[in-house]
Amino acid sequence: MGKGVLVDLTKCIGCRACQVACKQWNELPVEDTKVQGDTIANPPGLSGKTYTTLAFKEVEHDGQFHWVFAKNQCMHCQYAGCKTACLVGAFDKTEFGAIVYEKNKCIGCRYCQMACPFGVPAYEWWSRTPWIQKCTFCADLQSNGLTPACISTCPTDALLFGERDDMIKEGKQRIAANPDKYVNHIYGEKEVGGTAWMYLSAVPFEEVGFYPMREEPVTHNVDNAMFAVPFGLAVVATAMTGCYFIFKRRRKLAQAKSRSGEGK
Amino acid sequence: MQNQEAQKRFPWGSLVLTAVAVLGLVAIVYRFLYGLGASTNLSDGRAWGIWISFDLYIGVALAAGGFTLAAAVYIFAREKYHAVIRPAILTAFIGYTLVILALLVDLGQPWFIWKFILHPNIHSPLAEVGLCVMLYTIVLALEFSPVVFERLNWRVPMKWIRTIQIPLIVAGITLSTLHQSSLGGMALIFSETLDMLWYSPILPLLFLISAIAVGPAMVIVEGSLTSRAFGHQLGRDVLSGLGKVIPVILGIYLAFKIGDLVVTRQLGLIFSTSSYTILWWVEVLFGVVLPMILLSRPSVREHAWKLFGAAGLVVLGVMLNRFTISWFALEARPAVGYFPHWMEFAVSAGLVAWAVAIVMVCNKVLVMHEHAEPEHAEEPELEGKPGIMVEPGAAPGN
Chain A
1 MGKGVLVDLT KCIGCRACQV ACKQWNELPV EDTKVQGDTI ANPPGLSGKT YTTLAFKEVE
61 HDGQFHWVFA KNQCMHCQYA GCKTACLVGA FDKTEFGAIV YEKNKCIGCR YCQMACPFGV
121 PAYEWWSRTP WIQKCTFCAD LQSNGLTPAC ISTCPTDALL FGERDDMIKE GKQRIAANPD
181 KYVNHIYGEK EVGGTAWMYL SAVPFEEVGF YPMREEPVTH NVDNAMFAVP FGLAVVATAM
241 TGCYFIFKRR RKLAQAKSRS GEGK
Chain B
265 MQNQEAQKRF PWGSLVLTAV AVLGLVAIVY RFLYGLGAST NLSDGRAWGI WISFDLYIGV
325 ALAAGGFTLA AAVYIFAREK YHAVIRPAIL TAFIGYTLVI LALLVDLGQP WFIWKFILHP
385 NIHSPLAEVG LCVMLYTIVL ALEFSPVVFE RLNWRVPMKW IRTIQIPLIV AGITLSTLHQ
445 SSLGGMALIF SETLDMLWYS PILPLLFLIS AIAVGPAMVI VEGSLTSRAF GHQLGRDVLS
505 GLGKVIPVIL GIYLAFKIGD LVVTRQLGLI FSTSSYTILW WVEVLFGVVL PMILLSRPSV
565 REHAWKLFGA AGLVVLGVML NRFTISWFAL EARPAVGYFP HWMEFAVSAG LVAWAVAIVM
625 VCNKVLVMHE HAEPEHAEEP ELEGKPGIMV EPGAAPGN
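Those protein sequences? They're chains A and B, same order as listed. Counted from 1, the first sequence has number 108 at position 108 by the numbering used here; the numbering is strictly sequential. Quick note, the numbering used here runs 264 ahead of the 1-based positions in the second sequence.
No lab work stands behind these hints: they were computed from the structure. Beta carbons are placed, not taken as given, at the ideal position from N, Cα and C, and that holds for glycine. Treat each hint with caution, since some may be false.
[Claimed, not checked] To be clear about the criterion: a stretch of chain A counts as covered by chain B if any three or more of its residues have a C-beta under 8 angstroms from a C-beta of chain B, and this derived list gives those stretches:
id	region
1	124-131
2	213-220
[Stated by the list, open to error] These stretches of chain B come out as covered by chain A in the derived footprint (C-beta under 8 angstroms, 3 or more residues):
id	region
3	303-315
4	388-398
[To be verified] A partial selection of chain B residues facing chain A, derived with a Cβ cut-off under 10 angstroms:
id	residue
5	G299
6	E343
7	P374
Only chain A is shown next, with the shape it has when bound in the complex (with noise of 0.2 angstroms):
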């Protein structure tokens, strides 16, 4: 089974750390940012020098204040829709579960922008010879049987690595422990068929940042249609062949009978 992180927002404390982390080990170049107005992000979000954010959230829930402090990186899907949608297949999942991306066969349609239900993939807008970039799950920390450098750096614990299963059952655990504390929803344990990364929330995830999403993988109707693709062309193929000789035979009796008109 695919490894698992546990994200649970009432740890975090918002220093970041992990994002200095990611940045260090994947050799990421620096961002030029400027003071927002109305958050203390930075950068405001994913890009293609960045794989991993703090989102800041202001939320008030149930009479209470709350500053939560929400990672975003990519999700690693159980169904990556990136994987399917991508045309020269430069996206694989390794045996942890870790969508990796391969830039050597990719071609830049950004089809994988597209698909990706979380907004993730992003791509290196100001370059002549862009290539996508995104979290890789720290896949060659992860192959080295290390934890990924974000996870290992956090200082609260806030994020907790393991069997994705394993990573279920404690936030199931934690769920019933606290009751009280705790909106009572993984986000991830069931979104579009699931994801490595869950989030534990003591505020609705709409509230802070979280899309809202179906069971259903959005890899399901693509395959189900590419699975009707050989037959699509099969039946096709035949129909039309038949048809031409079927209306060619036609023509010909046609022909026969009005010469033979002619002929009395």
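Got chain A sorted already, so can you dock chain B onto it with the hints?
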């Protein structure tokens, strides 16, 4: 009279056309020098823009006249439409060539396109569209080549093409069916971001049927315009005959479109207050129902400009449909606004200008409406009358 008018208008028209075509080229050069970020308003939230919506989605749909007419003439033996088969196939060929060019501009690194040809991902609907578009463009070139061979009087290649004519036509129809529907298949992955009313598991089917409807509509529009501009005499029943078929196809389209909502119990969505609901009504009322009513009336079909208008509605309806599904009703994640950069418009308009210019040159240089007068009195053997293929003298056995 018409010819004189056309010649008077011509210089102005070609001047504008040339300017647009050149500006498009300038924008393309700029895009490759400075990258997509500098030449487009695309962003991570809106990674596809007008080049995909207009050039790919609408370009391919509006080029559907090529396969629908080829099916009508060569498979279903509707000889009447010989008169418009050449322009239909030429339009399709030029349309597809421009779709490919536009995609090469849109691709981040088009010089790696060979990687796609060598390693397509068979699970990706975009890969299917890409492969079908490439193959179909080759098929269209071969389907149209006899017109060029005829002009050059090359008889040997003409003979070769004639022997594979029907397999070519069947391949063209099959490839078209696959990629016209797979353009809808591409949108199936937008299950979380496309507006509920517009998303449907049967999008591939809806795309295919609407393409079949817009094919003849486009032939009517183009036939009306070129016959006015170049004074071709089209048999009157040719275009009106095409007009008669359209309501049937649109009816099937509407039945599936509504039926899908009924079956999935989402019919209530058409009364929701989302702004995409208005677009839905506009498409259904003005792009489907109104042309169905109009084209069912002989008085409309027999009148050249009324027929043109009704067919134009079908074209606009399909354009709105493709724009909505690939752009308007598609939520940007991360949330971001998008309005195309002027260079995006310039490239799209430039490519259309090139298409129009090439069609005009072909109409001058090649015999485009050879069978304009229906010649049903003496029907030659089917094998001897390949229509797009040869002038009677060149066909052996004729």
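What hints, given by number in increasing order, does this structure fail? Of the numbered hints, all hold.
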